[in-house]
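Taking the hints into account, I'd like the entire structure generated from these sequences.
Everything in the sequence shown is counted per our numbering, starting at 906 for the first residue and increasing by one.
Some hints here could point you the wrong way.
With a straight-line cut-off of 20 angstroms between C-alpha atoms, the simulated DMTMM-like cross-links for lysine to aspartate or glutamate are [claimed, not checked]: (1) K923 <-> E940; (2) K1054 <-> E1026; (3) K1016 <-> D934; (4) K1023 <-> E1000; (5) K930 <-> E1026; (6) K996 <-> D1013; (7) K1023 <-> D1013; (8) K1016 <-> D931; (9) K969 <-> E927; (10) K1016 <-> E1026; (11) K969 <-> E924; (12) K1009 <-> E940; (13) K942 <-> D931; (14) K1042 <-> D1013.
In case anyone wonders, no lab produced these hints; they're calculated from the structure.
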Amino acid sequence: MSKAFGSRYSIENSEEAKEYFEFVKDLLDSDVVNEMKNFRHHYSTTCYQHCINVSYYNYLVCRKLGLNSRSAARAGLLHDLFLYDWREREKKKGEMPHGMTHPKVALDNAKQHFEIGKREEDMIVKHMWPLTLKFPKYAESYVIVCIDKYTAMLEIGSYLGQKMKEKAKAMRTKQRQ
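And the structure:
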(Lines of atoms letter the chains of each structure in order from A and count residues from 1; the text may use other names and numbers.)
(Lines give C-alpha, C1' and ligand atoms only; values in the text may rest on other atoms or scores of the structure.)
Protein backbone atom coordinates (compact mmCIF):
# COMPACT_ATOMS: atom_id res chain seq x y z
CA MET A 1 0.00 0.00 0.00
CA SER A 2 1.33 3.45 -0.93
CA LYS A 3 0.56 6.92 0.26
CA ALA A 4 2.08 10.31 -0.21
CA PHE A 5 4.16 11.61 2.66
CA GLY A 6 1.87 13.43 5.08
CA SER A 7 -1.32 12.20 3.40
CA ARG A 8 -3.82 10.13 5.30
CA TYR A 9 -5.07 8.52 2.09
CA SER A 10 -3.86 5.31 0.50
CA ILE A 11 -3.54 5.94 -3.21
CA GLU A 12 -4.76 2.44 -4.08
CA ASN A 13 -8.11 2.30 -2.34
CA SER A 14 -9.34 5.60 -0.94
CA GLU A 15 -12.29 7.42 -2.47
CA GLU A 16 -10.29 10.67 -2.30
CA ALA A 17 -7.46 9.25 -4.39
CA LYS A 18 -9.53 7.17 -6.82
CA GLU A 19 -9.05 9.46 -9.84
CA TYR A 20 -5.36 9.86 -9.07
CA PHE A 21 -4.86 6.10 -8.88
CA GLU A 22 -6.65 5.60 -12.20
CA PHE A 23 -4.22 8.06 -13.82
CA VAL A 24 -1.08 6.28 -12.57
CA LYS A 25 -2.07 2.63 -12.05
CA ASP A 26 -0.25 1.41 -15.17
CA LEU A 27 2.92 3.19 -14.06
CA LEU A 28 2.72 1.82 -10.52
CA ASP A 29 2.32 -1.69 -11.94
CA SER A 30 5.44 -1.40 -14.10
CA ASP A 31 8.73 -3.02 -13.16
CA VAL A 32 10.76 0.04 -14.14
CA VAL A 33 8.85 2.37 -11.78
CA ASN A 34 9.07 -0.19 -8.98
CA GLU A 35 12.83 -0.37 -9.54
CA MET A 36 13.01 3.12 -7.99
CA LYS A 37 12.35 1.45 -4.63
CA ASN A 38 15.97 0.23 -4.76
CA PHE A 39 17.50 3.70 -4.68
CA ARG A 40 17.78 6.07 -1.75
CA HIS A 41 16.95 9.66 -2.64
CA HIS A 42 16.58 12.17 0.22
CA TYR A 43 18.20 10.54 3.24
CA SER A 44 15.82 7.72 4.21
CA THR A 45 13.26 8.38 1.45
CA THR A 46 13.49 6.15 -1.60
CA CYS A 47 13.31 7.54 -5.10
CA TYR A 48 9.99 5.71 -5.48
CA GLN A 49 8.46 7.29 -2.36
CA HIS A 50 9.71 10.73 -3.41
CA CYS A 51 8.09 10.30 -6.82
CA ILE A 52 4.81 9.18 -5.19
CA ASN A 53 4.95 12.30 -3.02
CA VAL A 54 5.60 14.62 -5.97
CA SER A 55 3.06 12.86 -8.17
CA TYR A 56 0.21 12.99 -5.67
CA TYR A 57 0.71 16.59 -4.56
CA ASN A 58 1.35 17.69 -8.13
CA TYR A 59 -1.95 16.07 -9.09
CA LEU A 60 -3.82 17.79 -6.23
CA VAL A 61 -2.46 21.27 -6.95
CA CYS A 62 -3.00 21.03 -10.70
CA ARG A 63 -6.52 19.68 -10.16
CA LYS A 64 -7.32 22.57 -7.81
CA LEU A 65 -5.96 25.08 -10.36
CA GLY A 66 -7.92 23.55 -13.25
CA LEU A 67 -4.75 22.37 -14.99
CA ASN A 68 -4.01 18.98 -16.53
CA SER A 69 -4.01 16.84 -13.39
CA ARG A 70 -3.55 13.59 -15.33
CA SER A 71 -0.30 14.78 -16.90
CA ALA A 72 0.73 16.22 -13.52
CA ALA A 73 0.24 12.87 -11.78
CA ARG A 74 2.07 10.90 -14.46
CA ALA A 75 4.99 13.31 -14.87
CA GLY A 76 5.37 13.52 -11.11
CA LEU A 77 5.73 9.76 -10.87
CA LEU A 78 8.34 9.69 -13.65
CA HIS A 79 10.28 12.89 -12.97
CA ASP A 80 13.16 11.12 -11.16
CA LEU A 81 13.24 7.87 -13.14
CA PHE A 82 17.04 7.91 -13.34
CA LEU A 83 17.57 4.44 -11.73
CA TYR A 84 20.91 4.84 -9.98
CA ASP A 85 22.16 6.06 -6.62
CA TRP A 86 23.45 9.49 -7.49
CA ARG A 87 25.72 9.53 -4.42
CA GLU A 88 27.62 6.45 -5.58
CA ARG A 89 27.57 6.92 -9.34
CA GLU A 90 30.93 7.81 -10.78
CA LYS A 91 30.81 11.16 -12.53
CA LYS A 92 32.42 11.29 -15.96
CA LYS A 93 35.03 13.95 -16.70
CA GLY A 94 33.31 17.18 -17.69
CA GLU A 95 29.85 15.89 -16.70
CA MET A 96 27.54 18.39 -15.07
CA PRO A 97 26.26 17.71 -11.52
CA HIS A 98 23.38 15.26 -10.97
CA GLY A 99 20.87 18.05 -10.29
CA MET A 100 21.40 19.37 -13.81
CA THR A 101 21.59 16.07 -15.69
CA HIS A 102 19.09 13.68 -14.13
CA PRO A 103 15.96 15.27 -15.65
CA LYS A 104 17.16 14.30 -19.14
CA VAL A 105 18.07 10.79 -17.98
CA ALA A 106 14.63 10.44 -16.36
CA LEU A 107 12.92 11.65 -19.53
CA ASP A 108 14.90 9.24 -21.72
CA ASN A 109 13.97 6.35 -19.40
CA ALA A 110 10.32 7.41 -19.30
CA LYS A 111 10.11 7.66 -23.10
CA GLN A 112 11.74 4.25 -23.45
CA HIS A 113 9.04 2.59 -21.32
CA PHE A 114 5.91 4.75 -21.65
CA GLU A 115 4.04 7.01 -24.00
CA ILE A 116 4.93 10.55 -22.92
CA GLY A 117 3.08 13.62 -24.18
CA LYS A 118 4.71 17.02 -24.79
CA ARG A 119 3.34 18.48 -21.54
CA GLU A 120 4.64 15.54 -19.49
CA GLU A 121 7.97 15.73 -21.32
CA ASP A 122 8.34 19.41 -20.41
CA MET A 123 7.42 18.72 -16.80
CA ILE A 124 9.96 15.91 -16.43
CA VAL A 125 12.87 17.58 -18.20
CA LYS A 126 12.38 20.98 -16.53
CA HIS A 127 11.42 19.97 -12.98
CA MET A 128 14.82 21.16 -11.71
CA TRP A 129 14.44 24.66 -13.16
CA PRO A 130 16.28 27.02 -12.79
CA LEU A 131 19.19 24.52 -12.75
CA THR A 132 18.03 23.22 -16.12
CA LEU A 133 18.19 26.80 -17.49
CA LYS A 134 15.41 26.58 -20.10
CA PHE A 135 12.14 28.06 -18.88
CA PRO A 136 9.24 25.66 -18.40
CA LYS A 137 6.67 25.90 -21.20
CA TYR A 138 3.47 24.92 -19.34
CA ALA A 139 1.82 26.02 -16.10
CA GLU A 140 1.98 22.40 -14.91
CA SER A 141 5.77 22.51 -15.35
CA TYR A 142 6.03 25.42 -12.92
CA VAL A 143 3.84 23.54 -10.47
CA ILE A 144 6.11 20.47 -10.51
CA VAL A 145 9.15 22.71 -9.94
CA CYS A 146 7.55 23.94 -6.72
CA ILE A 147 6.09 20.61 -5.61
CA ASP A 148 9.42 18.82 -6.11
CA LYS A 149 11.15 21.32 -3.81
CA TYR A 150 8.28 21.21 -1.30
CA THR A 151 8.30 17.42 -0.99
CA ALA A 152 12.11 17.32 -0.79
CA MET A 153 11.92 19.71 2.16
CA LEU A 154 9.24 17.54 3.83
CA GLU A 155 11.38 14.44 3.37
CA ILE A 156 14.58 16.07 4.59
CA GLY A 157 12.75 17.72 7.49
CA SER A 158 11.23 14.41 8.53
CA TYR A 159 14.63 12.74 8.54
CA LEU A 160 16.31 15.56 10.47
CA GLY A 161 13.42 15.70 12.95
CA GLN A 162 13.80 11.98 13.63
CA LYS A 163 17.56 12.40 14.12
CA MET A 164 16.99 15.28 16.56
CA LYS A 165 14.51 13.16 18.55
CA GLU A 166 17.03 10.32 18.72
CA LYS A 167 19.77 12.69 19.85
CA ALA A 168 17.53 14.26 22.53
CA LYS A 169 16.56 10.81 23.81
CA ALA A 170 20.22 9.78 23.99
CA MET A 171 21.05 12.98 25.88
CA ARG A 172 18.22 12.37 28.39
CA THR A 173 19.39 8.79 28.90
CA LYS A 174 22.96 9.96 29.44
CA GLN A 175 21.83 12.61 31.95
CA ARG A 176 19.94 9.99 33.97
CA GLN A 177 23.05 7.84 34.34
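How the hints compare with the structure:
Proximity of K923 to E940 is assessed by CA-CA distance (about 24 angstroms); at most 20 angstroms being required, the pair is judged violated. Simply put, K1054 and E1026 have alpha-carbon atoms about 19 angstroms apart, close enough for the 20 angstroms limit, and the pair holds. For the hint linking K1016 to D934, the alpha-carbon distance of about 17 angstroms falls within 20 angstroms, and the restraint holds. As the CA atoms of K1023 and E1000 are separated by approximately 26 angstroms, the hinted pair breaks the 20 angstroms bound.
Straight-line distance between C-alpha atoms of K930 and E1026 comes to about 19 angstroms, which keeps the hinted pair within the 20 angstroms bound. As the CA atoms of K996 and D1013 are separated by approximately 18 angstroms, the hinted pair is consistent with the 20 angstroms bound. Taking the CA atoms of K1023 and D1013, the gap is near 13 angstroms; set against the 20 angstroms cutoff, the hint holds. Restraint check for K1016 and D931: the C-alpha separation of about 14 angstroms stays at or below 20 angstroms, so the hint holds.
A distance of roughly 18 angstroms separates the Cα atoms of K969 and E927; the hinted pair therefore holds under the 20 angstroms criterion. Between K1016 and E1026, the direct Cα distance comes to roughly 9 angstroms. Compliance with the 20 angstroms bound is thereby established for this hinted pair. Simply put, K969 and E924 have alpha-carbon atoms about 13 angstroms apart, close enough for the 20 angstroms limit, and the pair holds. Straight-line distance between C-alpha atoms of K1009 and E940 comes to about 18 angstroms, which keeps the hinted pair within the 20 angstroms bound.
Our distance criterion of 20 angstroms between C-alpha atoms is met by K942 and D931, whose separation comes to about 16 angstroms. With a C-alpha separation of about 19 angstroms, the suggested pairing of K1042 with D1013 holds against the 20 angstroms cut-off.
Checked against the numbered hints above, the structure breaks hints 1, 4 and satisfies the rest.
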